[in-house]
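2 protein chains.
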Amino acid sequence: MNHDTSLNALMTGIGRQARAAAKVLAAASTETKNAALLAAARSIRAHRDEILAANREDVAEAERKSLGGAMLDRLVLNEARIEAMAKGLDEVAALTDPVGQEMARWSRPNGLDIARVRVPLGVIGIIYESRPNVTADTGALCLKSGNAAILRGGSESFRSTAAIMVCLQEGLREAGLPAEAVQSVPTTDRAAVGVLLKMSEFIDVIVPRGGKSLIERVIAESRIPLFQHLEGNNHTYVHAAADLEMARKIVVNAKLRRTGVCGATETLLVDKAVAGTHLAPLVTDLLDAGCEVRGDGATQAVDRRVLGVAEVDWQTEYLDAIIAVKVVDGLDDAIAHIERFGSHHTDAIVTDDAAAAEAFLAAVDSAIVLVNASTQFADGGEFGMGAEIGISTGKLHARGPVGVEQLTSFKYVVRGTGQVRP
Amino acid sequence: MNHDTSLNALMTGIGRQARAAAKVLAAASTETKNAALLAAARSIRAHRDEILAANREDVAEAERKSLGGAMLDRLVLNEARIEAMAKGLDEVAALTDPVGQEMARWSRPNGLDIARVRVPLGVIGIIYESRPNVTADTGALCLKSGNAAILRGGSESFRSTAAIMVCLQEGLREAGLPAEAVQSVPTTDRAAVGVLLKMSEFIDVIVPRGGKSLIERVIAESRIPLFQHLEGNNHTYVHAAADLEMARKIVVNAKLRRTGVCGATETLLVDKAVAGTHLAPLVTDLLDAGCEVRGDGATQAVDRRVLGVAEVDWQTEYLDAIIAVKVVDGLDDAIAHIERFGSHHTDAIVTDDAAAAEAFLAAVDSAIVLVNASTQFADGGEFGMGAEIGISTGKLHARGPVGVEQLTSFKYVVRGTGQVRP
Chain A
1 MNHDTSLNAL
11 MTGIGRQARA
21 AAKVLAAAST
31 ETKNAALLAA
41 ARSIRAHRDE
51 ILAANREDVA
61 EAERKSLGGA
71 MLDRLVLNEA
81 RIEAMAKGLD
91 EVAALTDPVG
101 QEMARWSRPN
111 GLDIARVRVP
121 LGVIGIIYES
131 RPNVTADTGA
141 LCLKSGNAAI
151 LRGGSESFRS
161 TAAIMVCLQE
171 GLREAGLPAE
181 AVQSVPTTDR
191 AAVGVLLKMS
201 EFIDVIVPRG
211 GKSLIERVIA
221 ESRIPLFQHL
231 EGNNHTYVHA
241 AADLEMARKI
251 VVNAKLRRTG
261 VCGATETLLV
271 DKAVAGTHLA
281 PLVTDLLDAG
291 CEVRGDGATQ
301 AVDRRVLGVA
311 EVDWQTEYLD
321 AIIAVKVVDG
331 LDDAIAHIER
341 FGSHHTDAIV
351 TDDAAAAEAF
361 LAAVDSAIVL
371 VNASTQFADG
381 GEFGMGAEIG
391 ISTGKLHARG
401 PVGVEQLTSF
411 KYVVRGTGQV
421 RP
Chain B
1 MNHDTSLNAL
11 MTGIGRQARA
21 AAKVLAAAST
31 ETKNAALLAA
41 ARSIRAHRDE
51 ILAANREDVA
61 EAERKSLGGA
71 MLDRLVLNEA
81 RIEAMAKGLD
91 EVAALTDPVG
101 QEMARWSRPN
111 GLDIARVRVP
121 LGVIGIIYES
131 RPNVTADTGA
141 LCLKSGNAAI
151 LRGGSESFRS
161 TAAIMVCLQE
171 GLREAGLPAE
181 AVQSVPTTDR
191 AAVGVLLKMS
201 EFIDVIVPRG
211 GKSLIERVIA
221 ESRIPLFQHL
231 EGNNHTYVHA
241 AADLEMARKI
251 VVNAKLRRTG
261 VCGATETLLV
271 DKAVAGTHLA
281 PLVTDLLDAG
291 CEVRGDGATQ
301 AVDRRVLGVA
311 EVDWQTEYLD
321 AIIAVKVVDG
331 LDDAIAHIER
341 FGSHHTDAIV
351 TDDAAAAEAF
361 LAAVDSAIVL
371 VNASTQFADG
381 GEFGMGAEIG
391 ISTGKLHARG
401 PVGVEQLTSF
411 KYVVRGTGQV
421 RP
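Going down the list, the protein sequences come from chains A and B.
Reading the first sequence from the start, the letters are residues 1 to 422 in my numbering.
Reading the second sequence from the start, the letters are residues 1 to 422 in my numbering.
Derived from the structure by calculation, the hints contain no laboratory data.
Small disclaimer: the values here were computed from a predicted structure and weren't measured.
Among these hints, one or two may not hold up.
[As the list claims (entries may be wrong)] With a straight-line Cα cutoff of 20 angstroms, these simulated EDC-like cross-link-like pairs (lysine to aspartate or glutamate) come out: (1) K212/B x E201/A; (2) K198/B x E221/A; (3) K249/A x D113/B; (4) K212/A x E201/B; (5) K198/B x E216/A; (6) K272/A x D303/A; (7) K23/B x E339/A; (8) K23/B x D333/A; (9) K23/B x E358/A; (10) K198/A x E216/B; (11) K23/A x E339/B; (12) K23/A x E358/B; (13) K23/B x D332/A; (14) K23/A x E174/A; (15) K249/B x D113/A; (16) K23/A x E201/A; (17) K198/A x E221/B; (18) K23/A x D333/B; (19) K212/A x D320/A; (20) K23/A x D332/B.
All chains should be built: construct the whole structure from the sequences, respecting the hints.
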């Protein structure tokens, strides 16, 4: 067999096993699924040393290949991170099982009883980069929602992923579920991703998690629907009727609480009507907190530390302590800027004017729109949905945080007493 | 400009206008949208003669090209069909507007108020074959749900579609909405479909409506998500605990009420345990009603009119007065047959055994599963959803009948009082 043929055979085998396991999982009780999750958490704790050893090998190789510091940081596991992973599994076990829930139920005049009932999607493919904990987190969410998972981690975390996978599969077996319900692709061959993205017979949806280049590749190549966001180029708009103290608190948090998350604010828009009073304190707060500010003319006039801004800045997701600042000519101008340059992820207005707030919330076409709150709340946990597998900026099926509910589909269950259609 | 360039320019122009119109439509009130629908209905009634004249030209050309009788029948309009079209628009106006509905709303411990609010999807592309009434039906559903529509009808109905489109756009203008909210592709060039299927920048979802070869082409070529079903290879399973009289009534209706609809039963499964009493009357009813029956050995033994059945029959959506019949070895065997050969559209069990019914409803992975009712109820109107744009066998976003609700997405609207994330 040549290389392509054997890779295809390997991937098809994984796909077929996932499809078969998905049928078992779809029918599994909440108790059984939870037992598997709790057993997997115990297994991760019990095999801590093996996971750490595997991770040390991954890290050593990454250092030999001179991978960047940020990537290395994401790759490294330690006792605290392993415990967090195990705790994550315990928490997913505690979530409400969406499968079997009646989303709606009604009767027809002819007596037909119609229910819309949640069912699993089937098989979910996850393609991710260096963080090994994604293996446990996403595998757990798929399992809880009754879906089989095929995981494809980054080659740099190959050994760590394999060690964690052993624990997940141990948990599945202990609960009497097929170990193939959660599989990882057992090769670092980059061509495997290409094959995975075309296995529409075996995979119902793909969740890519990683940097922009990974997501772009997946969007370009996938023949399977995606839950994904390319980027979170988010805005906080300080409206003419914004309370200054509230705005200061929100802007600093939205930009700087954590700069690397997809809910971070990347551009601050300040209404011309309050630029005189609000712009200077807002910009000074950011500068004093160590944030680089790139501003338009009005913003540069506020503080000599403000750098110039180019059009490309309005389109940039910095994921860093950098912010673009612009003075806008009222609500419509702010909305137009967000619609033109934003990525439809998460955008906020700060205002005490209820009508302006509602106009903003209605007009901005983003997955999450907020008034008087930090964009950093863009997170399934903060929404009360439990853990999330990611955030989607697509409009089909899942939008915003993708939790266990969003990993389900539904079917119509119709109960009759002999009805026929006239 | 060469041909490809000018076609691309034409299609891009349509896409851009649709995107712009979608923004206006998303913000339009229910009253405005309804006014446009009612005005369009009036316009269709007022322009009845022009529509009929355009249709006569289409029909004359189809006859010159010797198009088949079924296609010709779908193409022909008459006064009754035009009135039905206008009435359809009135009915869509009377539907509840899904846009702006709060699907859920909850508060977080930190005081954040989170609402999940329905919003339009954006721009919907519809690719269909000969029936000119699809132009009005689907255009209306898109408009009601706040979406712009790009319609691509069959070349055989080109003039009829154009005449109906004039009325829809007249309705839009009369209500002060952009006429470009509903557009049709102004060329019969088959290459236009290929371009449409790749316009992911301008179209959010494509609904193909037509025969299997059209759907297969769309599936193969589309870079845009689809709401579609390839076929409805549906089953009615007469269980061991089925009431014979109920089963007879349901089976004849499920197969023969209308044989050309996607909810028609194509295969009858009869439980071995009741084959002795139930098989003969069920098969005789069908034969006497003029249905061709293709059966396994046990079924052929019942009546000499029964023809033999081949494996390909289990996979066939006849859309005709033909049925495949098989005696199965109990519930599990019936479920296994449906899972192996079915198309996950609509499947029914007839039984008085509640446990068997629930097992069937849970195990059969179809968009619609029924107990003691005809599969011909697979229809948005019968479900109480009003008109439907189609039935989806996909599991993402829309499954089963696709009505105005399924033509929407949602956004999260978060209202705070200055909250920042710890």
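Mind checking the alpha carbons of K198/B and E216/A for me, to see if they're no more than 20 angstroms apart?
-> Holds, at about 16 angstroms.
Decide if the proposed pair is consistent with the structure: K198/A and E221/B, CA atoms, cutoff 20 angstroms inclusive.
-> At roughly 13 angstroms apart (the allowed maximum being 20 angstroms), E221/B and K198/A satisfy the hint.
Restraint check for K23/B with D333/A, where alpha carbons must lie at most 20 angstroms apart | Roughly 16 angstroms between the alpha carbons, so the hint for K23/B and D333/A holds.
Below or equal to 20 angstroms on CA atoms is what counts here, so check K23/A against E339/B.
-> Holds, at about 11 angstroms.
Is it true that the CA of K23/A sits at most 20 angstroms from the CA of E174/A?
-> 18 angstroms, holds
Between K23/B and E358/A, does the CA-CA distance stay at or below 20 angstroms?
-> 17 angstroms, holds
Compare the distance between the alpha carbons of K198/A and E216/B with 20 angstroms, and conclude whether the hinted pair is satisfied.
-> Roughly 16 angstroms separates the two Cα atoms, so the pair holds.
K23/A paired with E201/A [C-alpha distance capped at 20 angstroms] = 14 angstroms, holds
Hey, K23/A versus D332/B, does the alpha-carbon distance stay inside 20 angstroms?
-> Since the Cα atoms of K23/A and D332/B sit roughly 14 angstroms apart, the hinted pair holds (cutoff 20 angstroms).
Below or equal to 20 angstroms on CA atoms is what counts here, so check K272/A against D303/A.
-> 17 angstroms, holds
Is the Cα-Cα distance between K23/A and D333/B 20 angstroms or less?
-> It holds: about 16 angstroms lies between the C-alpha atoms, which stays within 20 angstroms.
Are the Cα atoms of K212/A and D320/A separated by 20 angstroms or less?
-> 15 angstroms, holds
In summary, the structure agrees with every hint in the numbered list given earlier.
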